[in-house]
Amino acid sequence: MSASSMHSKVRTFVKQPSNECVGRDFVYYDGLCVMASTVKLNWYEARAYCENLDGHLLVLDSQQKLNDTKEFLQTYYQYFELYVGASDGSTEDEWKWVSVTTASDFFYWRKGQPNNEDTQYPNKTANCGAVYPNYDLELQDEYCYHEKRFICEM
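Position 3 of the sequence shown, counted from 1, bears residue number 3 in full-length UniProt numbering, the numbering being contiguous throughout.
It is possible that some hints are incorrect.
[What the hints assert, rightly or not] Listed next, the in silico DMTMM-like pairs over lysine to aspartate or glutamate satisfying Cα-Cα at most 20 Å (straight line):
no., residue 1, residue 2
1, Lys124, Glu45
2, Lys65, Asp105
3, Lys124, Glu92
It is worth saying that the hints were derived from the structure and are not from the lab. Computed from a predicted structure; not experimentally measured.
Assemble the whole structure, with the sequences as input and the hints as a guide.
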């Protein structure tokens, strides 16, 4: 799927305008410029897609950011699993957030996670982070080539 056809399928929700987001395919929501997809891509494609829009996959590196994002995702995307910018692809079990300039050890994991397993792909390692808004945005590791929706921020 081309970037332009994916771009046309992006769903946006506006709560309040912000000059930083206007005309950039992102919307302002409670202090964040975000864009949530309606298309499904693997984690690497989703990361590239966000970067092509001068953003990055959503980084939930603090309790405050998690709280600020929760309402948006639970309101509009509660039934979708979404890729975010967490990965241990460089070094196993060393989880990092994309586009974070300072180290963060904040990861709000679902119970039993990370476990390096994806139940839909039992023979594949799970190195990429996804959240489920209906599970309180608890992070879990997933197989990176499984296509999912995703959320970008800038």
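Hints that the structure is at odds with (numbers, increasing): none
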